[in-house]
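Protein sequences, first through last, are from chains Y and V. Per our numbering, the very first residue in the first sequence carries number 1; after that it's consecutive. Per our numbering, the very first residue in the second sequence carries number 1; after that it's consecutive.
In case anyone wonders, no lab produced these hints; they're calculated from the structure. Treat the hints loosely; a few may be bogus.
[What the hints assert, rightly or not] For the chain Y half of the interface with chain V, some residues (derived, Cβ under 8 Å), not all of them:
no.	residue
1	R6
2	R9
3	F12
4	V17
5	G50
6	W64
[What the hints assert, rightly or not] Covered, in the sense of this in silico footprint (three residues per stretch, anywhere, with C-beta under 8 Å from a C-beta of chain Y), are these stretches of chain V:
no.	region
7	23–29
8	44–58
9	100–111
Please read all numbers here as calculations on a predicted model, not as lab measurements. Beta carbons are placed, not taken as given, at the ideal position from N, Cα and C, and that holds for glycine.
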Amino acid sequence: MIDFVRNVRSWFAPRDVRQEGTTPDYRFSLANERTFLAWLRTALALIGGGFAVDQFLPDLRWGWRVGLALALLAAGALCALRAVSHWVRCERAMRRGEDLPVSRFPVLLSLVIAVVAVAMVVAVLTGWDG
Amino acid sequence: MSGPAAVRAGRDPGLQPERTRLAWRRTTLACTVASVLAVRTTLYGGVSAPGAVLCALCCACWLGFLLVAHRRIRALSAGGAPAAPSPLHLTAAVLCTAALAVCGAVLVLEG
Numbered sequence: 001m002i003d004f005v006r007n008v009r010s011w012f013a014p015r016d017v018r019q020e021g022t023t024p025d026y027r028f029s030l031a032n033e034r035t036f037l038a039w040l041r042t043a044l045a046l047i048g049g050g051f052a053v054d055q056f057l058p059d060l061r062w063g064w065r066v067g068l069a070l071a072l073l074a075a076g077a078l079c080a081l082r083a084v085s086h087w088v089r090c091e092r093a094m095r096r097g098e099d100l101p102v103s104r105f106p107v108l109l110s111l112v113i114a115v116v117a118v119a120m121v122v123a124v125l126t127g128w129d130g
Numbered sequence: 001m002s003g004p005a006a007v008r009a010g011r012d013p014g015l016q017p018e019r020t021r022l023a024w025r026r027t028t029l030a031c032t033v034a035s036v037l038a039v040r041t042t043l044y045g046g047v048s049a050p051g052a053v054l055c056a057l058c059c060a061c062w063l064g065f066l067l068v069a070h071r072r073i074r075a076l077s078a079g080g081a082p083a084a085p086s087p088l089h090l091t092a093a094v095l096c097t098a099a100l101a102v103c104g105a106v107l108v109l110e111g
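Sequences and hints are given; from them, build the entire structure.
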């Protein structure tokens with residue numbers, strides 16, 4: 001919990017991160033930045049998917065449509081917040097010369113996406129109103 | 001030892017700044033697609049007062065993201081070894097994305 005609060009605080013405090021350790025090779029920093037951007041694109045794709053479910057499946061029952069759209073939007077928001085959290089942790093580890101942090105998030109996200117995909121197949125097969 | 005021409009010219013042989021710049025461009029494009037879908041949702045089936053407010057908020061998120069991406073792209077095209085981005089800028093981009101998702105949730109629940 002304390003780690004989490006410190007992590008969130010360093011999102012807004014540029015000096016906190018830069019004061020630790022030594023500056024790594026700029027190529028490693030840029031690779032970290034690209035990883036952050038890839039996660040952000042994943043988040044934006046999930047958010048776009050949420051809007052698409054809401055807009056392009058109008059014949060679906062209200063519950064299914066709203067449930068799927070909200071699940072995708074929530075996954076997108078979570079993914080975006082996690083992107084900056086992971087960037088800060090990687091940047092800090094690189095500056096201190098420690099191992100890069102490992103995370104269960106990719107596994108969790110794949111499971112959520114698999115569940116949403118299966119739910120969508122079921123919804124399209126059974127959830128048509130007419 | 002004579003390396004490839006790029007190294008002798010003092011340019012990064014892995015084109016790391018260029019790759020990062022293009023990653024920002026791709027992400028801006030993804031944000032634009034998500035924002036267009038958001039604006040389409042707000043305008044679907046007539047414009048209401050809350051719909052117009054949410055539409056303005058989505059546009060503001062998109063503009064905020066564009067501003068962050070533009071500043072970073074300019075820093076990366078300046079040449080030399082670019083410094084790591086400030087966490088504040090990345091947080092701003094992330095908050096724009098999260099705000100878009102929140103607007104979307106409100107829209108989905110209202111519509």
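Outcome of the hint check:
Taking 8 Å as the C-beta contact cut-off toward chain V, the hint placing Y:R6 at the interface is violated, the least distance being around 13 Å. With 8 Å as the threshold, the beta carbon of Y:R9 stays out of range of chain V, its nearest partner Cβ sitting at about 10 Å, so the hint is violated. About 6 Å separates the beta-carbon of Y:F12 from the nearest beta-carbon of chain V, less than 8 Å, and the hint is met. Proximity of Y:V17 to chain V holds as hinted, the smallest CB-CB distance being about 6 Å (cut-off 8 Å).
For Y:G50, the shortest C-beta to C-beta distance to chain V is roughly 6 Å, which falls under 8 Å, so the interface hint holds. Using the Cβ-Cβ criterion of 8 Å, the hint placing Y:W64 at the interface with chain V is not satisfied: the shortest such distance is roughly 12 Å. Here's how the region 23–29 of chain V fares: 4 of its residues keep a CB closer than 8 Å to some CB of chain Y, so the rule of at least three is met and the hint holds. For the region 44–58 of chain V, the proposed coverage by chain Y is not satisfied: 1 residues have a C-beta within less than 8 Å of a C-beta in that chain, short of the threshold of three.
Counting residues of the region 100–111 of chain V whose CB lies closer than 8 Å to any CB of chain Y gives 9, so the stated coverage by that chain holds, three being the minimum.
Violated hints, listed in ascending order, are 1, 2, 6, 8; each of the other numbered hints is respected by the structure.
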